[in-house]
Structures are given as structure tokens and as C-alpha cells.
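Engineer: Please model the entire structure based on the sequences and the hints provided.
2 protein chains.
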Amino acid sequence: MYEPLLKHLARFIRITESEREILISNLRYKKVDKKGYLLKQGQICSGNFFVLSGCVRMFTITANGTEQIVQFGITGWWISDYHSFENNVPSDYYIQAVEDSEIAIITRSVCDDLFQQIPQLNNYFRKMMQRAYVASLKKIELLLCTSAEDRFHQFTTDFPEFVQRIPQYMLASFLGFTPEFLSMLRAKNKSVNNS
Amino acid sequence: MYEPLLKHLARFIRITESEREILISNLRYKKVDKKGYLLKQGQICSGNFFVLSGCVRMFTITANGTEQIVQFGITGWWISDYHSFENNVPSDYYIQAVEDSEIAIITRSVCDDLFQQIPQLNNYFRKMMQRAYVASLKKIELLLCTSAEDRFHQFTTDFPEFVQRIPQYMLASFLGFTPEFLSMLRAKNKSVNNS
Chain A
175 MYEPLLKHLA RFIRITESER EILISNLRYK KVDKKGYLLK QGQICSGNFF VLSGCVRMFT
235 ITANGTEQIV QFGITGWWIS DYHSFENNVP SDYYIQAVED SEIAIITRSV CDDLFQQIPQ
295 LNNYFRKMMQ RAYVASLKKI ELLLCTSAED RFHQFTTDFP EFVQRIPQYM LASFLGFTPE
355 FLSMLRAKNK SVNNS
Chain B
175 MYEPLLKHLA RFIRITESER EILISNLRYK KVDKKGYLLK QGQICSGNFF VLSGCVRMFT
235 ITANGTEQIV QFGITGWWIS DYHSFENNVP SDYYIQAVED SEIAIITRSV CDDLFQQIPQ
295 LNNYFRKMMQ RAYVASLKKI ELLLCTSAED RFHQFTTDFP EFVQRIPQYM LASFLGFTPE
355 FLSMLRAKNK SVNNS
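Those protein sequence lines, which keep their order, are chains A and B.
Here the first sequence is numbered in our numbering, starting from 175 and rising by one per residue.
Here the second sequence is numbered in our numbering, starting from 175 and rising by one per residue.
One or more of the hints may lead you astray.
Here are the simulated lysine-lysine pairs, DSS-like style, with alpha carbons at most 30 angstroms apart [stated by the list, open to error]: (1) A:Lys312 - B:Lys312; (2) B:Lys209 - A:Lys312; (3) A:Lys312 - B:Lys208; (4) A:Lys205 - B:Lys312; (5) A:Lys312 - A:Lys208; (6) A:Lys205 - B:Lys208; (7) A:Lys301 - B:Lys301; (8) A:Lys312 - B:Lys301; (9) B:Lys312 - A:Lys301; (10) A:Lys208 - A:Lys181; (11) B:Lys181 - B:Lys209.
Which residues of chain B face chain A? A partial, calculated answer using Cβ under 10 angstroms [stated by the list, open to error]: (12) Met232; (13) Phe299; (14) Lys313; (15) Phe333.
To be clear, the hints were calculated from the coordinates, so they are not data collected in a lab.
Even glycine gets a Cβ: it sits at the ideal position worked out from N, Cα and C.
Structural biologist: Next up, the structure:
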């Protein structure tokens, strides 16, 4: 059941058979139905979540009461509020399933022990955090440097399958525009492609 | 000369005296004059840079020819184009000194060996990358959810010293508005504080 995670791990680090057993025995498996939550605002984030299948989103509620999505997680991605997780403070975020999803969890209660027992996990998560950081810097650059229209095109080119998969209003929130503006862009795009 | 780095390290991990010696013997020290470069667009980023003193900025040149700052590094921060560094590909970014700066460098040529010899460095950099990722997610949220004016106030509240230190046009670029708009906000702020 943890095969997607073990395969992912093998792309970055090598662990022994006994380390593999230790890892598996420390993971928690969770099925989350669509719209189910892994974390709610105000809770202390107690897990680092690996998406085995499905899709989840991380969002906050802004001052004016709207949802702002800051991150998605699809198969092969780790997602968590690392600030809350690491510092044991209440989270500003929600993590919610966009589709029925299967999640492997490293809980805070086993985390330190696990890193002690499998030091290579530090190497793995260093790489994971680095990739996430690089991706978020790229997003900052997109937000600051490109028009909403260019941002939309860039995103649909980079992640075509993803754009088909998630609801429109979520994509709009993630890219920082209104659902109406996104509909207009999609219609324009369609008419260009059909012409 | 590496004291700020060794102190920083000690806040997160413990290394032995001999590991400390190994680390120091593998670091490179560089003085960069104000406006000097650690990296230019098109080069492969060959170092992970720790700011011992001074201040550097990481920026790209956008399609319309303007500079877009995506990151600053002040004393105690690591900065690099990790995508270029890790994947051996040309960088989209420049890293330039904003002030005369002193830098400790882990070059790509010693990096793998160093992590092998001091495995705890994986733990340290996992935490560094995690903090950088958390900060950049927070910035994405600020860019998407808050008005330029609120963004400015948030930033000046969180980093008052920093706002005094860097040139206005750089702060404007980092926060995503024009220098003129920033001047207007500062003038408005001043008149509110004086009234």
C-alpha cells in the first residue's frame, strides 16, 4: 500500500531492507474522502502527508473571508504546514482532499525517532524541501512578473493534466484570479484553438 | 572568519570537533564588493552561499527587461539557485551584493563529499530548506491575498531594520510594486505617524 512512497524514495536515496521495515512500521495510512480534512486552521499540524493517490489542497481563509489556496499535493508530493509541524504552534491553514485520496503520514510523535533510525531520510527530505522551495520561488516570480493571462498559459502548458483535474474555482484561487476571469480566459483560449 | 556560520549551525545541529575541521577546510571564503556578482544568468550556479556579513539579492530579468528580485540574503541566510546547483543547468538568476559582503561558499565540487563526511549537514539543510519554503509560501499568500499597501505594512512591521537598509527601488521590486508607488506609501505612512 505504500508502494508509491517507496518508489519515490528510491529515486533519491538508498535504504536497507531493515530501514524499509522501520519506515513502514512507523507510517500511518489514511483514506480521506473528497472534502475530508487532514488539518484545520487552529489545530497543530501533527503530520507530514505523502499523497499516495488522489489530490489535496492547502488553503487559508483570508481577512475578507475567502479561501486562498497556496499549495496542491498530488501523487508523489509531500504536503504539510511545516511551520506548525516543526514549532508545535497552531496552523493558519486547512489541508483538504479535493478527490478521494490515500495518504501516508509521518506523525510528529515518530518523526524525530525515525530520522534518528534512518539518517538518510534527512537527505531525502532536504531534497524534497529544496524542490518545494524552488517551485515556490518560481511561483513568486510568476506572480510578480507575468500578467494573469500569461500565468494561466504557463500553468496549463506545465501541468495540462492537473488543469483538467481540479475544479475551476480552485485553479482560479491558486493562480490568484477570480473564477469569472478564469472562465473568460478559458473561453478565449478555446476560441483561439478552434479558429 | 566563519564564526557566524558555525554559530548558526550550532543552533540546529551538533557536530564533532573533527567534523568542524572538515567543514572549515571545505568552505571557500569570498569578499564581494557592493554590486559584485556571485552568479549571473546563464551560468551554472556553482555554490551554496552563506552570508557572513552584508546583504545580497537574487533577481531575474523579466521579459520586458526589468529586474525582478525574488530573494534577499542577509547575515545568517543561505542563498543559491538550488535548481541550477542541483541539476547542473544554466541559471535564470543573478545573485549580486547589495552591500560589501562576506560569503562562505560550499561549492558543488565538494558538496557531495561534505554531506557524506558530515551526515548531520543533511539535517541542517533540511531545516534550512524547510524554513525557506515556509517563508516563500507565506510570501505567496501575501501576494495573493493582501493589497500592496497591507503588504508594505506587514513587511515593515516584520523586518523594520531591513527596510531601512536596502535601496527603495529594490524593496519595491521585491514587494511587487513600482518605486513611485512605494514612495507614495512611505509618504502616507510618515504623515500618519506624524499626525
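Engineer: Regarding the pair A:Lys312 and B:Lys301, is the alpha-carbon distance no greater than 30 angstroms?
Structural biologist: 20 angstroms, holds
Engineer: Next item in the hint list is B:Met232. Is there a CB on chain A closer than 10 angstroms to its CB?
Structural biologist: 8 angstroms, holds
Engineer: Hint check: A:Lys301 vs B:Lys301, CA-CA at most 30 angstroms. Holds or violated?
Structural biologist: With Cα atoms ~11 angstroms apart, A:Lys301 and B:Lys301 stay inside 30 angstroms; holds.
Engineer: Do the alpha carbons of A:Lys205 and B:Lys208 lie within 30 angstroms of each other, as the hint requires?
Structural biologist: 54 angstroms, violated
Engineer: Quick one, is the B:Lys313 hint okay against chain A at 10 angstroms, beta carbons?
Structural biologist: B:Lys313 check passes; min Cβ-Cβ to chain A is 6 angstroms, inside 10 angstroms.
Engineer: Within 30 angstroms, alpha carbon to alpha carbon, are A:Lys205 and B:Lys312?
Structural biologist: Measuring from Cα to Cα gives roughly 28 angstroms; hence the hint holds.
Engineer: What's the verdict on B:Lys181 and B:Lys209, does the C-alpha distance respect the 30 angstroms limit or exceed it?
Structural biologist: 27 angstroms, holds
Engineer: B:Lys209 and A:Lys312 were given as a pair; does the straight-line alpha-carbon distance stay at or below 30 angstroms?
Structural biologist: Distance ~24 angstroms between B:Lys209 and A:Lys312 Cα, so the pair holds.
Engineer: Check the hint pairing A:Lys312 with B:Lys208 against an upper bound of 30 angstroms on the C-alpha distance.
Structural biologist: This hinted pair holds, its Cα atoms lying about 26 angstroms apart.
Engineer: Have a go at the B:Phe333 hint: is there a Cβ in chain A nearer than 10 angstroms to its own Cβ?
Structural biologist: 16 angstroms, violated
Engineer: Taken at face value, is the distance from the CA of A:Lys301 to the CA of B:Lys312 at most 30 angstroms?
Structural biologist: The given pair, whose Cα atoms are some 20 angstroms apart, holds under the 30 angstroms limit.
Engineer: Can the restraint linking A:Lys312 and B:Lys312 be considered satisfied, given a maximum Cα separation of 30 angstroms?
Structural biologist: Status holds; Cα separation ~14 angstroms.
Checked against the numbered hints listed earlier, the structure breaks hints 6, 15; every other hint is satisfied.
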